[in-house]
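These are the residues of each chain, in order.
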Amino acid sequence: MSFSLGSDSKLPQGRLAVVSYVIVGLTVLLLVGFWKLQVVDSTHYQELADRNRIRTIPLIAPRGRMLDRNGRVLVDNYASFSILLLRDDMKIVNRALPSISDALNVSIEDLRQQLETAKYLPTYEPIVIKPEASTADVAYIESHRTDLPMLEMVMMSRRRYPPAGFLSSAVGYVGEVSEAEIEKSDGKLRPGDMAGKSGLEKQYDSVLQGNDGLRRIIVNSVGKEMGRLEQIEPVPGKSIQLTIDYDVQAAAEAALGDKKGAVVAMNPETGEILAFVSRPSPDPNAFAVRVSKEEWQRLNSDPNLPLMDRVIQAQLAPGSVFKIVMATAMLETKAVPESFTAFCPGQASFYGRVYHCWQPKGHGTVDLEHAVAESCDVFFYNVGMRLGIDRMSYYGTQVGLGRRTGIDLPGEEPGLMPSAEWKERNYHAPWYPGENISVGVGQGPITTTPLQLARAIGGIALGGVFKTPHLLKSDQPAGEFRFPISEDTVDKVTHYMENVVDPTFPGGTAHVAYIKGVELCGKSGSAQVISAQGLAKVKNRSDYKDNAWFVGFAPRRNPEIVVSVLVQSTMLHGGEIAAPVVRDVVKAYFDKKNGNLKPPMTAVAAKVTPATNSIQQQPPTLAQSEPVPLAGAKPQASNAAGSPARPMH
Amino acid sequence: MQREAPRGQCTESQESVSFLMREKAGIREYDWWLLAIAGAICLLGVVEIYSATHNIRVPGSPVYMKQLYWLGLGVFCMLIISRVNYHRILEQAPVLYLIGIVALAAVLAVGQTRLGAKRWVHLMGESFQVSELFKLIIIIVLARFYSEVRTDQLTLGDFVKIGVLTGVPLLMILKQPDLGTALVLIPVAVVGAYLAGIQWKHAVALLVLAAVLIPVGWHYVLKPYQKERVQTFLRPEDDPKKSGYQILQSEIAVGAGGFWGKGLGRGSQNQGGFVPVRYSDFILAALAEETGFIGVFITLALYTALLLRLVHNAQRAMDRSGMYLVMGVAAILGFHLLVNAAMMIGKMPVTGIPLPLMSYGGSVTLFVFLALGLVMNVRIRRFVN
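Those protein sequences? They're chains A and B, same order as listed. Start counting the first sequence at 1; every next residue gets the next number (the numbering used here). Start counting the second sequence at 1; every next residue gets the next number (the numbering used here).
I should point out that these hints are in silico values taken from the structure, not numbers from a laboratory. Keep in mind it's a predicted model, so treat the numbers as computed, not measured. Careful, some of the hints might be misleading.
Stated by the list, open to error - Simulated restraints, written as ranges between beta carbons of each label pair:
(1) B/Ile-56 / A/Ala-180: 45 to 51 Å
(2) A/Gly-227 / B/Val-84: 52 to 58 Å
(3) B/Leu-43 / A/Tyr-78: 54 to 60 Å
(4) A/Ser-80 / B/Leu-43: 30 to 36 Å
Stated by the list, open to error - Below, simulated DSBU-like cross-link-like pairs (lysine-lysine); rule was C-alpha separation at most 30 Å, straight line:
(5) A/Lys-593 / A/Lys-492
(6) A/Lys-361 / A/Lys-545
(7) A/Lys-592 / A/Lys-238
(8) A/Lys-119 / B/Lys-227
(9) B/Lys-347 / A/Lys-36
(10) B/Lys-227 / A/Lys-36
(11) A/Lys-184 / A/Lys-202
(12) A/Lys-197 / A/Lys-238
(13) A/Lys-91 / B/Lys-227
(14) A/Lys-91 / B/Lys-201
(15) A/Lys-334 / A/Lys-423
(16) A/Lys-91 / B/Lys-66
(17) A/Lys-10 / B/Lys-175
(18) B/Lys-347 / A/Lys-91
(19) B/Lys-175 / B/Lys-227
(20) B/Lys-175 / B/Lys-161
(21) A/Lys-10 / B/Lys-201
(22) A/Lys-516 / A/Lys-492
(23) A/Lys-91 / B/Lys-175
As the list claims (entries may be wrong) - Example chain A residues on the side facing chain B (calculated, C-beta under 8 Å, incomplete):
(24) Leu-16
(25) Ser-20
(26) Val-24
(27) Leu-26
(28) Leu-37
(29) Val-39
(30) Leu-48
(31) Asn-52
(32) Met-226
(33) Leu-229
(34) Glu-230
Built from N, CA and C at the ideal position, the CB exists for glycine as well.
Could you put together the complete structure from these sequences and hints?
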């Protein structure tokens, strides 16, 4: 043993004592450090800990459905799962990439690409690696939660619209909210939320939207749910019941087919819209997920304007349909005697200019009854000249032309009912008498929308009661404005309109629209877009071709349905191409009413569900508050005032 | 080692002394206060290991049960080593040192790579960290060295020898790479040097040498991940999701615990797995979150009592070699405590230094009990007046 006991048993006691003090001193220092964190700054760290562990997951409220007037589902939702990748721990994620790739059938390069793209996002933000996941994907993730904790699913409620653009222009579509919308919403909307972008989806967005709920969960360091703190259930959006009749709508869709134009059917006594078609129309299901920039640009630059809702936005010359307003004005004002006749040789000369009738052979001597039935232009050139712009403008305005109808849809256009004052204001020129000739046959600067014509004609047939058209079904009566028309005038005008369709009355322009057992009354129109010479110059380009109109209602007394049809860019007359559409729609309406309806060929809404939580809302009444836009309207470029008239009827 | 001449002379008296002492050298002579304090710390550790791991699945027994097995094995080892007269152990210091160096070399050559570092060898079916064993060897070797210094103050030559004895294994452990364990060797040398007597000029020279060696080591010795840890420590906000993440999460856990703590099993940082290796290196953060400042205070008080009790035993050692053994143990345990606790509150870089007696781990638990066995060994051979 190398250690002698005595000599080295003298220990450095002083130094050992110093070591003791050092130990105590260091302990105190450590305790001060812990005190600072645990007592002084504890609140701050508590917040950090909460931010770590508490994750708020939004629970998206499903949008309300849209039902037809009989409670059949028109617009519905479907559940769709998106698969999220939590990137809190990239090491684990990178190691698991091959198995994720196998499981979800997404190529590993694709996943790497997505991770690369998301590199600059905060890592606590999960990324969607597979939208619209299949049920197999969902099942796989559910059963592999422990192996692949970085995968998470969120259920999204997506919109299911009727296929092939059925009713799409009225329904509109939803899309991700824009930054401006988020700012306006006072915190209700967040990035990524869906909101109505057009049509009824936009109009009734606040009703359909509902309130999103949220779930606050406790998560561990890899984002796995460990417990639940609170859950605020989402309040689903309310369903809305529309005035649309699915059967009538289906007939209208089928009748218009692929033709560019619009159909609107409404009940003139209530203002309820029964059918609403605009063509061409994109399939909104394509927008339900996300529209690509390219697709959006293509839609916007398409010369056929697929995004235009022609029922309320197509402002076109009404052509001969306007002759009904003329006839009413003539009978009501008596400025032109009822017995007035005109001789039509196929053309007439006014103020040194020749105006043609649509019928080059001429109509011979015609009175008002024949002039309406045969749509004689020369007769109404004369009436227009004799009434003058002030009376025509007054009557046009009073039946609702040149101002918005107030339908519960965004983006309605007012059309234009010209007046001398309007001409003065916008062109700083007086109204020339020659312009009366054009306006007399619904040509020149006058423009209307299909909806305006439906309401005007329906209102005249009802003796001057003009209901605000609306798409939301309501118990309360719709807004209206009145312009009393004498019973005698109504009787005569509707009789003349019946002659247009009645095959027993020779010369009527729309015998094709006759329906046995239905008193269908109507008026055709063919309106030129530019003058005949102009059309020849642009080599008959389709977008400058004539527009064909037909507006019809039935029955003759107390009409239940008025249908306005526009077919654009056609060389056919309104009586030939638009009248059959009106006929089909009216026939479907009465077939259904009389119980003769054949079941529709393609059922859009497979399940016929009664409306449960629908709301009934008063459609906005607007006619009173809407200023009559005689003064405000801008001139319409497509209809140059005072251009020489081409034949029309 | 050059002073082996008196061996023959002393043998007989040593034998007789040993014989005398063996009579009273028994379980009853253990430092029961020290063991009670250590036991209390171990109990806290097992409870916190249970709390931190009760909701995670591991293969085999639950983690806290494994820790209990290791504690049992540790106590057994302590009993064994306390029975072998520490002078006999000190005699074998050169042999132990050589064995230790060879073992470290073997680890570097054939060791099992785990977590990117070669630290482990398989021993009786359990993986074992050789560098832990070397901590024990350095205590013994330096105790032997210091006890043989006859002057009041260490000479320059002594420093060179200490530097070589400590530096060779230090560099080998650093090469594994295991910065934490490598650094642990230093306080044994430093505390020993202080007790043996150090001149001011030498102390200053050592500090200057350290100031030179640190940048050299930074460039040529440290692995990239070690550099990253140090950099992260210096600027944690630069990188809150990698190494800085561990420090930050540890700090959050400690701070969120508040004064009274959130209760066992209720710490979100701990239970949610935000605290890294919460049942091992970061167990103090888990404990701080769940038992608050109160728990930390009690824990640090127990450790302080443990260290003071070690100093107390050193003061009553039979000879200087016994004192150096006990103080070597105290130096290592104190260094572990200081670095680990400071790491929890963001005052030290992450170095992989566990908290002895509390952190889960076989190698470190065995080391601590073997070290305590040495202390008991010295204790039962003290002068009892």
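Now for the hints, and whether the structure bears them out:
Distance hint check for B/Ile-56 and A/Ala-180: the Cβ-Cβ separation is about 48 Å, which falls inside the suggested range of 45 to 51 Å. Separated by about 53 Å at the C-beta atoms, A/Gly-227 and B/Val-84 satisfy the suggested range of 52 to 58 Å. Hint check: B/Leu-43 to A/Tyr-78, Cβ distance near 58 Å, so the stated range 54 to 60 Å holds. Take A/Ser-80 and B/Leu-43: their Cβ atoms lie about 54 Å apart, and the range 30 to 36 Å is violated.
Restraint check for A/Lys-593 and A/Lys-492: the C-alpha separation of about 27 Å stays at or below 30 Å, so the hint holds. Between A/Lys-361 and A/Lys-545 the alpha-carbon distance is near 23 Å, which keeps this suggested pair within the 30 Å criterion. As the CA atoms of A/Lys-592 and A/Lys-238 are separated by approximately 29 Å, the hinted pair is consistent with the 30 Å bound. Between A/Lys-119 and B/Lys-227 the alpha-carbon distance is near 25 Å, which keeps this suggested pair within the 30 Å criterion.
Distance restraint check for B/Lys-347 and A/Lys-36: the Cα-Cα separation of roughly 12 Å lies within the 30 Å cut-off, and the hinted pair is therefore satisfied. For a cut-off of 30 Å, the pair hint linking B/Lys-227 to A/Lys-36 stands: about 28 Å separates their Cα positions. Restraint check for A/Lys-184 and A/Lys-202: the C-alpha separation of about 14 Å stays at or below 30 Å, so the hint holds. A threshold of 30 Å between alpha carbons decides the hint, and for A/Lys-197 with A/Lys-238 the separation of about 18 Å falls inside it, so the pair holds.
This hinted pair checks out: A/Lys-91 and B/Lys-227 have alpha carbons roughly 20 Å apart, not beyond 30 Å. With a C-alpha separation of about 50 Å, the suggested pair A/Lys-91 and B/Lys-201 falls outside the 30 Å cut-off, and the hint is violated. Only pairs whose Cα atoms come within 30 Å are accepted, and A/Lys-334 paired with A/Lys-423 is accepted, the gap being roughly 26 Å. Note on A/Lys-91 and B/Lys-66: the hinted pairing holds, with a Cα-Cα distance of about 28 Å set against a maximum of 30 Å.
For the hint pairing A/Lys-10 with B/Lys-175, the CA-to-CA distance comes to about 39 Å; that exceeds 30 Å, so the pair is violated. Annotation: proposed proximity of B/Lys-347 to A/Lys-91 holds, straight-line Cα distance about 27 Å (limit 30 Å). For the suggested pair B/Lys-175 and B/Lys-227, the alpha carbons sit about 14 Å apart, so the restraint of at most 30 Å is met. The suggested pairing of B/Lys-175 with B/Lys-161 holds, with an alpha-carbon distance near 21 Å, which does not exceed 30 Å.
Distance check on the hinted pair: A/Lys-10 and B/Lys-201 sit about 25 Å apart at the alpha-carbon level, within 30 Å; holds. Proposed proximity of A/Lys-516 and A/Lys-492 is supported: the alpha carbons are some 22 Å apart, at most 30 Å. Of the supplied pair hints, the one linking A/Lys-91 and B/Lys-175 holds, its CA atoms being roughly 25 Å apart against a limit of 30 Å. Checking A/Leu-16 against chain B: minimum C-beta separation of about 5 Å stays under 8 Å; hint holds.
With 8 Å as the threshold, the beta carbon of A/Ser-20 comes within range of chain B, its nearest partner Cβ sitting at about 5 Å, so the hint holds. A hinted interface residue such as A/Val-24 counts as satisfied when its beta carbon comes closer than 8 Å to some beta carbon of chain B; here the least separation is about 6 Å, so the hint holds. For the restraint placing A/Leu-26 at the interface with chain B, the shortest Cβ-Cβ distance is roughly 6 Å, inside the 8 Å limit, so the hint holds. The criterion of a C-beta within 8 Å of any C-beta in chain B is met by A/Leu-37, whose closest approach is roughly 4 Å, and the hint holds.
Satisfaction of the interface hint for A/Val-39 is found here, the shortest Cβ-Cβ separation to chain B being roughly 5 Å, below the 8 Å cut-off. Interface hint status for A/Leu-48: upheld, as the beta-carbon distance to the closest one in chain B is roughly 5 Å, under 8 Å. Interface hint at A/Asn-52: satisfied, since its Cβ lies 5 Å from the closest Cβ of chain B, which is below the 8 Å cut-off. Taking 8 Å as the C-beta contact cut-off toward chain B, the hint placing A/Met-226 at the interface holds, the least distance being around 6 Å.
Taking 8 Å as the C-beta cut-off, the interface hint given for A/Leu-229 is violated, the closest approach to chain B being about 11 Å. Proximity of A/Glu-230 to chain B is violated relative to the hint, the smallest CB-CB distance being about 16 Å (cut-off 8 Å).
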